[in-house]
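Based on these hints, arrange chains W and S on the given structure of chain P.
Chains P, W and S are the protein sequences, given in the same order. Going by the numbering used here, the first residue of the first sequence is number 74, and it counts up by one from there. Going by the numbering used here, the first residue of the second sequence is number 74, and it counts up by one from there. Going by the numbering used here, the first residue of the third sequence is number 74, and it counts up by one from there.
Residues from chain W shown here face chain P by an in silico Cβ test under 7 Å; the list is partial:
#, residue
1, Ala100
2, Phe105
3, Asn216
With a cut-off of at most 20 Å between alpha-carbon atoms, the simulated EDC-like pairs for lysine to aspartate or glutamate come out as follows:
#, chain 1, residue 1, chain 2, residue 2
4, W, Lys103, P, Glu217
5, P, Lys103, S, Asp212
6, S, Lys103, W, Glu217
7, S, Lys103, W, Asp226
8, S, Lys103, S, Asp212
9, W, Lys103, W, Glu217
10, P, Lys103, P, Glu217
11, P, Lys103, S, Glu217
12, W, Lys103, P, Asp212
13, P, Lys103, P, Asp212
14, W, Lys103, W, Asp212
15, S, Lys103, W, Asp212
16, P, Lys103, S, Asp226
17, W, Lys103, P, Asp226
18, S, Lys103, S, Glu217
By construction, these hints were calculated from the structure, which means they are not laboratory data. Backbone N, C-alpha and C fix where the C-beta goes; we use that ideal spot for every residue, glycine too.
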Amino acid sequence: MFTLDLALVWLDLAGVFFFAVSGSLLAARKQFDIVGSVLLASIVSLGGGVIRDIVINNGPPIAFTNPVYLVPPLLAALLVYFLFSSVQRFTSLLTLFDAGGLALFCITGTLKAMTAGMNPVAAILLGVTTAVGGGLLRDITANEIPTLFNARDLYALPAFVGAGLTTLLWQVGLFNGLTAVMVALVVFAFRVVAWRRSWYVPLAVRGWHRAGTGASANSGARD
Amino acid sequence: MFTLDLALVWLDLAGVFFFAVSGSLLAARKQFDIVGSVLLASIVSLGGGVIRDIVINNGPPIAFTNPVYLVPPLLAALLVYFLFSSVQRFTSLLTLFDAGGLALFCITGTLKAMTAGMNPVAAILLGVTTAVGGGLLRDITANEIPTLFNARDLYALPAFVGAGLTTLLWQVGLFNGLTAVMVALVVFAFRVVAWRRSWYVPLAVRGWHRAGTGASANSGARD
Amino acid sequence: MFTLDLALVWLDLAGVFFFAVSGSLLAARKQFDIVGSVLLASIVSLGGGVIRDIVINNGPPIAFTNPVYLVPPLLAALLVYFLFSSVQRFTSLLTLFDAGGLALFCITGTLKAMTAGMNPVAAILLGVTTAVGGGLLRDITANEIPTLFNARDLYALPAFVGAGLTTLLWQVGLFNGLTAVMVALVVFAFRVVAWRRSWYVPLAVRGWHRAGTGASANSGARD
Numbered sequence: 074m075f076t077l078d079l080a081l082v083w084l085d086l087a088g089v090f091f092f093a094v095s096g097s098l099l100a101a102r103k104q105f106d107i108v109g110s111v112l113l114a115s116i117v118s119l120g121g122g123v124i125r126d127i128v129i130n131n132g133p134p135i136a137f138t139n140p141v142y143l144v145p146p147l148l149a150a151l152l153v154y155f156l157f158s159s160v161q162r163f164t165s166l167l168t169l170f171d172a173g174g175l176a177l178f179c180i181t182g183t184l185k186a187m188t189a190g191m192n193p194v195a196a197i198l199l200g201v202t203t204a205v206g207g208g209l210l211r212d213i214t215a216n217e218i219p220t221l222f223n224a225r226d227l228y229a230l231p232a233f234v235g236a237g238l239t240t241l242l243w244q245v246g247l248f249n250g251l252t253a254v255m256v257a258l259v260v261f262a263f264r265v266v267a268w269r270r271s272w273y274v275p276l277a278v279r280g281w282h283r284a285g286t287g288a289s290a291n292s293g294a295r296d
Numbered sequence: 074m075f076t077l078d079l080a081l082v083w084l085d086l087a088g089v090f091f092f093a094v095s096g097s098l099l100a101a102r103k104q105f106d107i108v109g110s111v112l113l114a115s116i117v118s119l120g121g122g123v124i125r126d127i128v129i130n131n132g133p134p135i136a137f138t139n140p141v142y143l144v145p146p147l148l149a150a151l152l153v154y155f156l157f158s159s160v161q162r163f164t165s166l167l168t169l170f171d172a173g174g175l176a177l178f179c180i181t182g183t184l185k186a187m188t189a190g191m192n193p194v195a196a197i198l199l200g201v202t203t204a205v206g207g208g209l210l211r212d213i214t215a216n217e218i219p220t221l222f223n224a225r226d227l228y229a230l231p232a233f234v235g236a237g238l239t240t241l242l243w244q245v246g247l248f249n250g251l252t253a254v255m256v257a258l259v260v261f262a263f264r265v266v267a268w269r270r271s272w273y274v275p276l277a278v279r280g281w282h283r284a285g286t287g288a289s290a291n292s293g294a295r296d
Numbered sequence: 074m075f076t077l078d079l080a081l082v083w084l085d086l087a088g089v090f091f092f093a094v095s096g097s098l099l100a101a102r103k104q105f106d107i108v109g110s111v112l113l114a115s116i117v118s119l120g121g122g123v124i125r126d127i128v129i130n131n132g133p134p135i136a137f138t139n140p141v142y143l144v145p146p147l148l149a150a151l152l153v154y155f156l157f158s159s160v161q162r163f164t165s166l167l168t169l170f171d172a173g174g175l176a177l178f179c180i181t182g183t184l185k186a187m188t189a190g191m192n193p194v195a196a197i198l199l200g201v202t203t204a205v206g207g208g209l210l211r212d213i214t215a216n217e218i219p220t221l222f223n224a225r226d227l228y229a230l231p232a233f234v235g236a237g238l239t240t241l242l243w244q245v246g247l248f249n250g251l252t253a254v255m256v257a258l259v260v261f262a263f264r265v266v267a268w269r270r271s272w273y274v275p276l277a278v279r280g281w282h283r284a285g286t287g288a289s290a291n292s293g294a295r296d
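The following block holds chain P by itself, in its conformation from the complex (with noise of 0.2 Å):
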């Protein structure tokens, strides 16, 4: 188990990393400052495991007990801070880095619920809150529009499949460093190759449409 122990916790820290980038990036566009880079950072990338942390309710989160995961927001501050200004497509790049937390996230966090001894759908729920949890907070903090609710945009669908896909594998006992990373993969394409190929599930009212996407887009919302 060392060596998934060490993978779990190397996975879980680049998750971390790739979320405060996307807090960091928002702060540039939200014009905050350099302090306001770090705390938005943190909360991104600190709050879903915060939340996983509590709901498992077993000791005070890993975030503040172990200061080594102040350092990939501290990273990613700097990071955006010197680099910044070369940043072509804003969206783009914080769609990437937030697919790179949410594809690591929803397999540490549904690892950490099953071996606290948690049933298997609970796993899942927690994989998912985790996953999802930081974005959710960076949006609602920094006043927009969760994309966790962005009917363009395919979300939550690739955690639960990160989510059920590492359960699976836990229960056949087939989970591993490798396909973890197996799995962070599939969801990071999964969630990227959507954005781009604009996926979509139906809204939620049978018959409605999205809007101004035309007549022919609207027929290929009804699914």
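Just chains W and S, lined up with the frame of chain P:
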């Protein structure tokens, strides 16, 4: 206690269902997709109880550990998906379902706090928090001004009445399935009648009047 | 330790009162009713401590279990109700009360974390979270852009200074009621002077300037 416990589970699940419908209704009006509808229904219907269980600090929240709590949000999203097109009065419907959830959650939240050994004041507070928490999360997440703070809508007051009555009945040993339903009806009626008849309490500042309601209405705001 | 404990309870309650007034002031300006004023006062004044106690994960939050914590929000709502009409400079007043709460909470939050056995870095983090948490909840709930992210307002930095000084004094054994009050005054003065004199830190991106402050001011933003 068996029948009371069973009654409470059903009251709680009914409250979850009512709030879930209010979440899916708002998702429909905001043009979220079906996944966003399920998610918003889950946040509003399970959020109050998750906050309650986190505050009680006695193991993971039941919404995560007991999969039966996922049925009402899924059901609500399905109902709204198939039936929303025929909805005539959106606001009335959302208010009615929201009032149903409020009426049941202020009871079950208060009881859960008392059976966890909290004092009566804490139990009332937690009952109100449970009752208004989900709706607050719904409105914050959907980027709306919270109903909780709408000065034309009594929202917290009926919840306080319900939590207070529940605590009183429990202390004098008269709390049972029947009195629980009666308290729920009182809270529901209070909330809906107050909304229909535009009852209100004074504004946060003495001498200030509600804008845009005409001079005669303003004088009534003075209390 | 008795006098220190007692001093801490009073400092904590004073912080609760200051934040509660800031909540009721905002409720007044947003035309909430008196119930909304009590609720927003409660959320902002008790929210930071509730988050702190949930993170520490050692029983229910004190704001729920000790009814004395309800007195400051009720008092604040009453004060604002009777005296607000005579308020001349709303923003100054809100900032002063908010600064008072911030100055006290970064101390009590840090101490509570250390006495719960958390490491110094975690204690500083939790102190800052306690101090900025209530104001963040206030602004999110009232649908405002959080003061925390206002690039023209140093907010988190004074809290970091206060939490750091508290940890330092505690570690070297010089923390007592007197030094606590001195740290609070330093944080309060830092926050208020920075706001009055428009001190700021660089924006989140190198080379970017604050909009609308003229060319001369912009060059100063580079630092």
